[in-house]
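Q: Sequence:
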Amino acid sequence: METVATRLCGRRCNPLSAAIPKDASIPDVRQPAQILTHCYTSIQYRFDSEVIRIGGSGFLRKIAIMEQRITIHIVGGNSRSRAEQSRLILALGHHAEVYSDLIELIDRPPRSGVIIASDDVLERGISTLLDDLADAGIWTPLVAAKPHPEVEEVVKAIQAGALDFLELPLSEAEVQRMVAHVHSDGGRHAEARRRLIDARRRISSLSPREREVLDWLTEGCSNKAIARNLEISPRTVEIHRANMMDKLGANHAADAVRLRLDARMKRANDEENLPEEFDAPRAGASTKR
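Counting in this note's numbering, the sequence shown tops out at residue 289, every number present.
Calculated directly from the structure, the hints in this document are not laboratory data.
Since the model is a prediction, treat every value here as computed from it, not as a measurement.
Careful: at least some of the hints might be erroneous.
Result set (SDA-like, lysine to any residue): computed pairs, CA atoms no more than 20 Å apart in a straight line [stated by the list, open to error]: (1) K247 / R228; (2) K156 / E167; (3) K224 / H252; (4) K146 / A83; (5) K146 / L168; (6) K224 / S205; (7) K146 / E97; (8) K156 / D185; (9) K146 / P208; (10) K224 / A254; (11) K224 / R195; (12) K156 / L206; (13) K247 / D185.
Sequences are here, hints too, so could you generate the full structure?
A: In C-alpha cells:
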C-alpha cells in the first residue's frame with residue numbers, strides 16, 4: 001500500500017503514528033510548488049532504520065529543496081566573477097565549489113554535480129578541455145559560460161560534448177534552467193563520459209600495431225583485408241587481434257568496436273589531425289612492420 005511518506009520520499013516506510021485529515025490530498029514531489037502549499041499535522045515514520053518526524057510545511061519545504069539541490073563546480077575567470085557565481089548559486093539553495101584554474105580542479109576532481117567553466121579555461125576549446133578532464137578521469141558534465149556567446153560558439157560547444165552553455169553574468173533564470181537540464185540529462189551525459197574515459201583507458205594499453213588492427217576492425221574489415229592494408233600476414237593479424245581483445249577485455253569483435261566508438265579517439269595512423277569522421281585509415285599508411 002502506498003503511504004504519504006512513500007509519495008513524499010519514494011522509499012519504503014512503516015508508519016508508527018499518523019494524524020492526517022482523511023480528505024487531505026497527497027502532493028507529488030515532482031511538483032515542488034504544490035508541496036509548499038500543503039501543511040500536514042505531525043506524522044512520524046520509520047525510514048529503514050531511521051525514525052523521523054514530519055511536522056508541517058517546513059519539513060516538506062526541505063524535501064522539495066533536497067530533491068533539486070546539486071553541487072556546482074565553478075572554474076576559470078577572475079575571483080570577482082567566481083564569487084558572484086557562487087553567491088547566486090548558494091542563494092538558490094545549491095552547493096558551490098570554487099576553483100581558481102583547471103589545475104586546482106584536477107587536483108580535487110569532482111565526482112558529482114556539474115562543472116561551469118569560463119574565460120581562460122575555455123581558451124583552447126571545449127574539445128581540448130573535455131579531453132583534459134577525461135585524461136584526469138573526470139566525467140562530471142561540463143557547462144561552458146562566457147559573456148554574450150555567439151550562436152555558433154554555443155552550437156560548437158554542444159557538438160563537442162558540453163551539456164549546456166550559459167551567458168555571464170549568471171542570472172537566476174539561467175541557473176534554474178541549467179539545473180533542470182542537469183536533472184533531465186545530466187545522468188545520461190555523465191554515464192556517456194564515464195564510458196568514454198573507461199574506453200580510452202583500455203585502448204591506451206594497446207601497442208601501436210594493436211591500435212591499427214582495432215581501427216581497421218572498426219571499419220568492418222576482415223583479417224585478410226586488415227593484412228593487406230597493413231602489409232602483414234593474416235596470421236600476424238590474428239595474433240595482434242587476439243592480444244588486442246584480451247587487453248580490452250572484449251569477448252567479441254562487437255565489444256571491441258563499441259569501446260573504440262565510445263572512446264571517440266582519432267586513429268593511430270592519423271597524421272593530418274583531421275576530424276574523426278574524415279580520417280579513414282589509408283592503405284599503406286602504416287610504417288610499422
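Q: Holds or violated: are the alpha carbons of K224 and A254 at most 20 Å from each other?
A: 18 Å, holds
Q: Please work out if K156 and E167 have their alpha carbons no farther apart than 20 Å.
A: 15 Å, holds
Q: Hint check: K247 vs R228, CA-CA at most 20 Å. Holds or violated?
A: 24 Å, violated
Q: Next pair to validate is K224 with S205; report whether the Cα-Cα distance is within 20 Å.
A: 24 Å, violated
Q: Below or equal to 20 Å on CA atoms is what counts here, so check K156 against L206.
A: Violated - the C-alpha atoms of L206 and K156 are around 31 Å apart, more than 20 Å.
Q: K224 and R195: Cα distance at most 20 Å?
A: 31 Å, violated
Q: Does the structure keep K146 and A83 at a Cα separation of 20 Å or less?
A: 15 Å, holds
Q: Hint check: K146 vs P208, CA-CA at most 20 Å. Holds or violated?
A: 40 Å, violated
Q: Tell me if the straight-line CA distance from K146 to E97 falls inside 20 Å.
A: Holds, at about 18 Å.
Q: Quickly compare the C-alpha distance for K156 and D185 to 20 Å and report which way the hint goes.
A: 19 Å, holds
Q: Can you confirm whether the C-alpha distance between K224 and H252 stays at or below 20 Å?
A: 18 Å, holds
Q: If you draw a straight line from the CA of K247 to the CA of D185, is it 20 Å or shorter?
A: Since the Cα atoms of K247 and D185 sit roughly 32 Å apart, the hinted pair is violated (cutoff 20 Å).
Violation of the numbered hints given earlier is confined to hints 1, 6, 9, 11, 12 and 13; the remaining hints are satisfied by the structure.
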